[in-house]
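Novice: Spelled out from the first residue to the last, the chains are:
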Amino acid sequence: MAIVGFLIRRILTGIVVVWLVASGAFLLFFARPVATVARQLAGRAATPQVINEVIRNLGLNQPIAVQYWHFIDNLLHGNLGFSYYTGESVDTMVRQDLPPTASLLVGALILWLVVGLGVGIISATRARSAFDRVSNVGVLIGLSMPTFVIGELLILYIFLPLQEHGFHWINTGYAGPSQGLSPWVGHMLLPWITLAAVQAAVYTRLSRGQLLDTLGEDFIRTARAKGLSERRVLFRHAVRAALTPVVSQLGVDIGQLLGGAVVVETVFGLGGLGQVSVQAIETDNLPVIIGFVVFAAVFVVLANIVVDMVYALLDPRVRIS
Amino acid sequence: MSLSGVEFVGQQAVAAEAAEDGTRIEGRSQWQLTWRRLLQDKVAVAALIVIVVMVALAIGAPLFVAITHHPANTAYPNTGETVAGNPVPPGTAGFWLGTDGTGRDLFIRILYGARISLFVGFVTTAIGAGAGVAVGLIAGYFGGIIDAVLARFTDAVLAFPYVVLALALAIVLGPSLPVIIAVIAFFSWAAIARVVRGQTLAIKEKEYIEAARSLGAGPFRIMFIDILPNLLAPVLVLATLYIPTAVVFEATLSYLGLGIQPPTASWGNILADAENFYQVAWWYIVFPAAALLITTLAFNLLGDGIRDAMDPRTERVLAGVRRRKNRKKTALIDNVPGVTAGEN
Numbered sequence: 003m004a005i006v007g008f009l010i011r012r013i014l015t016g017i018v019v020v021w022l023v024a025s026g027a028f029l030l031f032f033a034r035p036v037a038t039v040a041r042q043l044a045g046r047a048a049t050p051q052v053i054n055e056v057i058r059n060l061g062l063n064q065p066i067a068v069q070y071w072h073f074i075d076n077l078l079h080g081n082l083g084f085s086y087y088t089g090e091s092v093d094t095m096v097r098q099d100l101p102p103t104a105s106l107l108v109g110a111l112i113l114w115l116v117v118g119l120g121v122g123i124i125s126a127t128r129a130r131s132a133f134d135r136v137s138n139v140g141v142l143i144g145l146s147m148p149t150f151v152i153g154e155l156l157i158l159y160i161f162l163p164l165q166e167h168g169f170h171w172i173n174t175g176y177a178g179p180s181q182g183l184s185p186w187v188g189h190m191l192l193p194w195i196t197l198a199a200v201q202a203a204v205y206t207r208l209s210r211g212q213l214l215d216t217l218g219e220d221f222i223r224t225a226r227a228k229g230l231s232e233r234r235v236l237f238r239h240a241v242r243a244a245l246t247p248v249v250s251q252l253g254v255d256i257g258q259l260l261g262g263a264v265v266v267e268t269v270f271g272l273g274g275l276g277q278v279s280v281q282a283i284e285t286d287n288l289p290v291i292i293g294f295v296v297f298a299a300v301f302v303v304l305a306n307i308v309v310d311m312v313y314a315l316l317d318p319r320v321r322i323s
Numbered sequence: 013m014s015l016s017g018v019e020f021v022g023q024q025a026v027a028a029e030a031a032e033d034g035t036r037i038e039g040r041s042q043w044q045l046t047w048r049r050l051l052q053d054k055v056a057v058a059a060l061i062v063i064v065v066m067v068a069l070a071i072g073a074p075l076f077v078a079i080t081h082h083p084a085n086t087a088y089p090n091t092g093e094t095v096a097g098n099p100v101p102p103g104t105a106g107f108w109l110g111t112d113g114t115g116r117d118l119f120i121r122i123l124y125g126a127r128i129s130l131f132v133g134f135v136t137t138a139i140g141a142g143a144g145v146a147v148g149l150i151a152g153y154f155g156g157i158i159d160a161v162l163a164r165f166t167d168a169v170l171a172f173p174y175v176v177l178a179l180a181l182a183i184v185l186g187p188s189l190p191v192i193i194a195v196i197a198f199f200s201w202a203a204i205a206r207v208v209r210g211q212t213l214a215i216k217e218k219e220y221i222e223a224a225r226s227l228g229a230g231p232f233r234i235m236f237i238d239i240l241p242n243l244l245a246p247v248l249v250l251a252t253l254y255i256p257t258a259v260v261f262e263a264t265l266s267y268l269g270l271g272i273q274p275p276t277a278s279w280g281n282i283l284a285d286a287e288n289f290y291q292v293a294w295w296y297i298v299f300p301a302a303a304l305l306i307t308t309l310a311f312n313l314l315g316d317g318i319r320d321a322m323d324p325r326t327e328r329v330l331a332g333v334r335r336r337k338n339r340k341k342t343a344l345i346d347n348v349p350g351v352t353a354g355e356n
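For the protein sequence lines, the chains are A and B, in the order given. Quick note: the first sequence, position 6, residue 8 per our numbering, numbers continuous. Quick note: the second sequence, position 23, residue 35 per our numbering, numbers continuous.
Quick caveat, the hints were computed from the structure, so don't treat them as lab data. In this text, all values refer to a predicted model and were calculated from it rather than measured experimentally.
Restricting the straight-line Cα-Cα distance to at most 25 Å, the calculated cross-link-like pairs of lysine to any residue (SDA-like) are: (1) B:LYS54 <-> A:LEU142; (2) B:LYS54 <-> A:ILE143; (3) B:LYS216 <-> B:GLY155; (4) B:LYS54 <-> A:GLY140; (5) B:LYS218 <-> B:ASP323; (6) B:LYS54 <-> A:VAL139; (7) B:LYS54 <-> A:ALA129; (8) B:LYS218 <-> B:ARG233; (9) B:LYS54 <-> A:ASP134; (10) B:LYS54 <-> A:VAL204.
Only some residues are given here: those of chain A computed to face chain B with a beta carbon under 8 Å: (11) GLU154; (12) ILE291; (13) VAL295.
The C-beta atom is built at its ideal place from N, Cα and C for all residues, glycine as well.
Put together the whole structure using the sequences plus the hints.
Specialist: This is the structure we're talking about:
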């Protein structure tokens with residue numbers, strides 16, 4: 003039952019964090035004069051009367067406390083506000099744009115961990131081998147390469163040549179899993195690789211270093227001396243102990259995945275929350291950005307709860323309490 | 013670890029050789045030793061040279077404008093664009109690396125982009141290192157509730173996606189150079205603060221700190237005079253490794269349109285514009301991308317090199333280089349009786 007208490011407490015602190023972030027985002031509304039917003043909305047030739055009407059319609063003339071109350075009230079009802087321009091509700095927009103982002107995040111997360119930990123483990127067990135050296139150089143390049151450059155180079159040297167030779171499985175744009183597994187993977191493969199690459203490099207280095215340290219510990223020698231198979235020593239004893247610091251790092255890095263998603267969605271034209279938010283900058287559409295900020299806070303909080311639970315599973319010394 | 017033993021014995025052997033020659037044995041400071049070890053590391057020296065060349069190119073950008081007669085923001089619709097209005101390839105009509113989407117000299121624009129990238133990289137890292145050291149020292153030294161609050165805040169900053177904050181700030185303040193410097197600096201101190209806090213926790217328990225306190229030194233004197241000098245090594249390594257991260261941040265934000273605004277050249281906004289010419293102008297993507305990659309790679313290699321030079325026990329990223337060096341040392345040490353330098 004300890005886990006129920008843990009979840010309740012973490013969710014409560016999570017709500018506080020989201021509230022703080024949302025309040026901070028709300029203050030952004032007031033970081034510039036309301037007349038600027040209203041004038042942009044009303045058009046260039048607007049009279050002062052029209053501008054005042056726009057301000058009234060948006061509720062921008064009320065005291066901050068009242069507006070804040072409305073904002074929090076709406077938030078509690080799952081209402082993130084309305085786009086200044088189309089009048090479309092932001093939560094409808096979030097719902098529409100979530101599938102590409104979710105597809106991207108899930109696939110990239112899996113690829114990141116499988117490649118990062120896999121290559122790290124193989125490198126550590128074959129330290130100084132050719133594989134290890136190639137992977138070290140790869141890690142260094144991955145660490146140095148911005149996500150969007152990886153995406154652009156993949157488009158330039160993988161996607162375009164394939165298209166030229168009539169190979170259309172790999173594609174840009176978004177296709178959901180509902181359109182079949184094969185088109186989904188075909189459309190998402192390059193974005194997944196792009197988003198996962200940098201983090202996979204970081205985690206290869208991290209898990210390799212941790213595992214090398216662990217393999218030098220006394221309990222590994224004991225396990226070998228007991229006559230356990232090397233495989234059992236590696237996976238039952240070493241990897242488990244080596245992975246715990248890696249998992250605790252995961253909680254910090256998972257938020258960066260969302261930042262990366264903004265970039266990857268833009269490079270590959272996937273639509274999605276990130277790309278829509280970037281476009282919102284050009285149209286000065288503040289409610290959309292605030293919706294995205296709140297979503298990001300919820301995502302980071304939830305991901306951290308999951309990571310802490312996995313951490314407790316891996317490390318028996320850590321008790322969920 | 014056998015490696016530190018190797019290093020130690022190796023130096024003794026060198027010292028013994030010097031003494032036989034009748035020369036005086038001089039004491040060397042930690043920094044001198046580090047510098048000498050760094051100079052022996054070919055990869056790090058190469059990285060350092062690349063960085064110096066890059067900085068020189070960035071500073072000397074106006075010189076190249078004088079040579080090519082192509083100012084950074086001047087378009088050449090007649091010579092710099094094909095009939096279809098596309099960029100011309102490298103080497104055409106005096107454009108060394110070709111032209112960009114509006115017929116401007118790509119080489120010159122990459123040089124001016126380097127100025128922005130390196131400036132942002134150095135400035136934000138300096139701000140971040142200063143703030144990180146201050147926060148880490150205060151949190152680690154005072155402990156208690158100050159530490160709890162600062163550590164929580166540090167963790168929150170590390171976990172928050174910087175692009176999202178940049179989006180929010182860009183829409184409120186408008187995208188500009190000061191805004192991206194503020195955003196990048198805001199995220200740059202946290203990692204350094206974490207390490208400094210951990211080190212401070214360990215150092216403040218040492219006897220000499222107690223001695224300083226009993227002599228009547230105040231907390232700030234202890235923090236900045238007694239503790240800080242012992243932290244400079246890890247901070248220097250972290251700062252060197254943060255510069256490429258800051259360069260990548262800047263490029264990414266400018267790529268998304270949240271940073272440097274055209275017509276001012278930045279590697280990020282050059283690469284964003286290049287996406288319109290995938291099919292017709294490979295050079296438009298490849299050269300700025302290469303400039304970016306070479307710069308960040310050089311800083312990463314230099315940072316690793318400095319770390320290795322400061323702590324000979326850490327393992328080199330490019331394992332092959334160390335291995336060859338080990339063989340040489342092994343040969344040297346084999347002559348010393350009673351020492352076995354095992355390759356692990």
